[in-house]
Amino acid sequence: MPTNSRWARAIATIGLAVGLGVTAGSGQAQAQVSDDLGVIGTLQYTDATGTKVFVAGVELSIADVGGATSDKDGFFRISVPVPGEYSITLNTATLPVGVTLKDPERANLVALVSENADQRVIFPLITADSVVSVSESNFSVRRISQLTLEGLKLGLYLAMAAIGLSLIFGTTGLVNFAHAELITWGTLMAYFFNIYGLVGTFGFFSVLPPPFGGGVNFIVATLLATIMGGVLGFVLNRVIFRPARASGVSLLAQMVMTIGLSILLRYLFVYFFGSRYRVYNEYASQRANEFLGIELTSRDAAAMVVSVIILIAVGIGLNLTRTGRAMRAVSDNRDLAESSGINVERVISQVWIFGGALAALSGTFFGFDTVKWDIGARILLLVFAAVTLGGLGTSFGALVGALIVGVAINWSTLVIDTELKNMTALIVLILALLLRPQGILGKKQRIG
Amino acid sequence: MDWGFILERSFSAMIGPEVVVYALAAVGLNVHFGYTGLMNFGQVGFMAAGAYGVGVSVFWLGWNFWVGIVFAFVYAGVLALLLGLPTLRLRADYLSLVTIAASETIRLLARSRVMQPITGGVEGVNQFAGPFYDLSPFELGKFYSFGPFKYLGRDVWVLLVGWTLLIMITLMVRQVMRSPWGRTLRAIREDEDAARALGKNVYFYKMQSLMFGGMIGAVAGVLQVIQKSSVQADTFNPVITFTIWTILIIGGPGRVWSPIVGASIYWTLIVFVENTLRQLPPGLRATLEDSIQLSDFNIAMLRFILVGGGLLLLARFRPQGIFGSREEMALDRR
Amino acid sequence: MTVADQPILTAYGVVKTFGGLRAVDVDKLEIQRNKITALIGPNGAGKTTFFNLLTGFDQVDSGEITFDGAVITGTAPHRLAAKGMVRTFQLTKALAKLSTIENMKLGALDQRGEKFWAALFPSSWTKQEQAIEARADAILQRFNLTGMRDEYAGTMSGGQRKLLEMARALMTDPRLVMLDEPMAGVNPALAQSLLELIKLLPGEGRTVIFVEHNMDVVQEIADWVIVMAEGRIIAQGTPTEVKSNKTVIDAYLGAHHGEDLSQVDLA
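Protein chains in written order, with my numbering: chain A, 35 to 482; chain B, 1251 to 1584; chain C, 232 to 498.
Think of the hints as simulated: they come from the structure by calculation, not from any bench.
As the structure is a computational prediction, the values presented were derived from the model and not from experiment.
Check the hints yourself; a few may be wrong.
Said to hold, decoys possible - Examples of chain C residues lying across from chain B (beta carbon under 10 Å, computed): (1) THR319; (2) ALA325; (3) LEU326; (4) LYS346.
Unchecked claim - With a straight-line Cα cutoff of 20 Å, these simulated SDA-like cross-link-like pairs (lysine to any residue) come out: (5) LYS346(C) <-> ILE1419(B); (6) LYS346(C) <-> ASN1451(B); (7) LYS328(C) <-> MET1427(B); (8) LYS455(A) <-> ALA1342(B); (9) LYS328(C) <-> LYS455(A); (10) LYS455(A) <-> LEU1358(B); (11) LYS1478(B) <-> GLY282(A); (12) LYS346(C) <-> TYR1453(B); (13) LYS314(C) <-> PHE1454(B); (14) LYS346(C) <-> LEU1421(B); (15) LYS328(C) <-> LEU1358(B); (16) LYS346(C) <-> PHE1454(B); (17) LYS346(C) <-> MET1427(B); (18) LYS314(C) <-> ASP1443(B); (19) LYS358(C) <-> GLN1425(B); (20) LYS328(C) <-> GLY1574(B); (21) LYS455(A) <-> ASP408(A); (22) LYS346(C) <-> ARG1568(B); (23) LYS328(C) <-> GLY118(A); (24) LYS328(C) <-> GLY282(A); (25) LYS455(A) <-> MET1365(B); (26) LYS328(C) <-> ARG1568(B); (27) LYS346(C) <-> LEU1331(B); (28) LYS328(C) <-> ASP1443(B); (29) LYS328(C) <-> LEU285(A); (30) LYS346(C) <-> MET1457(B); (31) LYS328(C) <-> LEU286(A); (32) LYS314(C) <-> ASN1451(B); (33) LYS314(C) <-> TYR1453(B); (34) LYS1478(B) <-> ASP1384(B); (35) LYS328(C) <-> ARG1424(B); (36) LYS328(C) <-> PHE1567(B); (37) LYS455(A) <-> SER1362(B); (38) LYS346(C) <-> VAL1364(B); (39) LYS328(C) <-> MET1365(B); (40) LYS328(C) <-> GLY390(C).
Where a beta carbon is used, it is the ideal one built from N, C-alpha and C, also for glycine.
Next comes chain A alone, as it looks inside the complex (with noise of 0.2 Å):
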């Protein structure tokens, strides 16, 4: 079918294209900042009632370096120049009537910035009548279910992420680890449409007006980052690695091949769009809603409710449609399946399309809180886990994995400091591979 490789082509063209022009477009958009670094934090305390209130006003500053005020939200950010050691300052006579340091001595605080990264510092504030719950103990079930809750949610987003992973495994044999930086891209690129719209994305025309110029709403932005993501997958399938298949490149060499694109595509996204955190226009802060003493945001609740419809989704459309089923048979036997008359490249590609697309669009929801070059990187440990728990090659073992890691994780807070708790996910791995190391849904065949 020389037509229809043809435009194939074509289509790889413009989409590389499109993706390049996407992040060269937004870098001038970003105006040089010089400032890449900075110190930063939210002001707030919890009310006799139990909600968080924000608190605004409150001047903060860096001896030598500047200062800021807090906005609406309770927000902060001091630029720094160079990484190093801070001592940050609170002006206490800013603050609101009746609210005060919960420890007076701690106006000041030292943040050590490093480079690439925002330093986040608390200053922990109470009122007069808050709830202190300082006694509560960490095993408590309130706890334990908002742990749980937040350890569902970060495996519902997983959970797409690693469909991806596991069908790309299943069908190809491919362990990609460029699929880090398909979850980035999804993230980048709603920032850029929710930031600078339908056409400022891709370079120009960004003086017209919103919804081309200006940014769109951000549940336009994560359809249209869905779609680029499965047109990223279809392009890195097309332009590298069909043809590797094709002259017959080993699957270890395939699998190296990975990497080179992941720390390519990794380091083109810190060049274009810069190493400082940013935010989406919307939905980044929001006041959580409480219900029996768990809290949850509604942003944090519609992408888990979407999410767990694109999980069923997926669910049926592996098991009821023709792709589907076309999918799952490749996974289950490639030569049997090629010998019945099923298009192996053709299913393959559409799983590269497929993944790239949950890949990117658990990306917009990875990046609610910080929009990063290297969110998807951050995250791949987990997403490795979740598949090698689940069993590799196994999209529904995907899912079960994502959630035990998910909530593992959460719940590992309760006994070390939340800044290991991604170390569960090694030893999840660990433990995985030497209990079970087909997974849990993995088929016992020979994986040695």
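Fit chains B and C to the known structure of chain A by using the hints.
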């Protein structure tokens, strides 16, 4: 543009401390991947193990510096053992998952607040390499020139020790790879089941290989922190592992001298490109900043873009290295 | 009963299932010493799986396997090789990027230089290595592979690889040689010399079991034939007995009923 300066830097990079450190790490990876076929995606973890092994034992435990170095090797060996136990019985890709995950976990753990009293957290550990420099016959702060090469006295001392170690270890690897032991490793690389059927305990050999190569990686880590006189968690980023992969594949996996050749080519190229870009005439530089955002930060990032692109292309088109023969590649694809 | 009369390899009640399917279900198998036994059966009869079970490359669900009187169920393949049982593979495993002579030397057991520390000191193993090399050269000569001695094994033809794999297996000085389809893909001239080489083995005190499709080959060299179908042993006997066995013919010749078995490809 100061071509003299650019060339001086590039020449010095050709055999500089970075070459020694990366070549050593690549020798370890060559034992793993080049000779045994192990997909170790966490070589930087072994470097970190060596670095923290010596840094922490000297700084925190107050041990003698030289004892610290011995401890660093033992520590890296134990790490290899722990990573190998669950994975070496399984298919090759599982080792890659676990090693990349472990190396990243080591970095996160080392930079965490919890570990700060021991590892110094983000700041790391400084000032522990004194005993090494005390032995230096060169004046530490003075510049020495040899032909086109120019280094500080402390670096000359590091280079002297480093190159001696590198060559000794390379010769040692050559020796063991020519022995029946090395032959068995190469057989395992080609086909595990064949080796198994011929009475070789494949798991045991793979473990030995992982430990041996990991400990060589630790030598690289130790040398690096001695040269920098500090251990910092964020220098042990996973991307270093893949820089080492790129170096190994440039030289050709499974060849004795390829790590040195690869490291030398890589660093000469990177230093040349970065210095040339930094030295561009201001007008051109400004144009590039406007059009393709060529800021100082981005020039530093360019290195990793080259590593990624290079690795992708090499693995695709020249997995046998840029000096490897086509015939050898044909054997791979048989 | 003397040792020589005892079977060298036995399997009792060996069962292996894959996803509910009984791939192997063998009540009783006894292999006579210093004889050539052929294992035949149609595709999917479970021959290779059974082979993998016997050689430790796969684990039985239940049952017991003995080798030379000792129970070996669950023993790792490399230990079996050390005990004197060696196998080859249906898809040849010549080690492409090792030279022919290196392939051969790899086969020798108990090499001092295979220990890491000894490897560093060649003086401790060069003498043994020379002896191994001499033995390897002798076997290469016998297999007519001397011309390929220093070439990469990857450059060999398919038939030569089969020869190399068998020659390499003999380097372990085995008492039991298990060949998985040694003739597959070998040209007729080479096949004939391969057959001659196999026929010599019992005379050296080696027992041979081989999986084969071609009935002519079986007729020519096998002392005993075991027929498998659907994971079970359905018949055994001398080649002549099996050839005319009604069960065998009925079991899987169906439409070819009445034809001479040797004219039908059992695959």
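Exercise. Can you give the numbers of the hints that this structure goes against, from lowest to highest?
Worked result: 8, 9, 11, 15, 22, 23, 38 and 39
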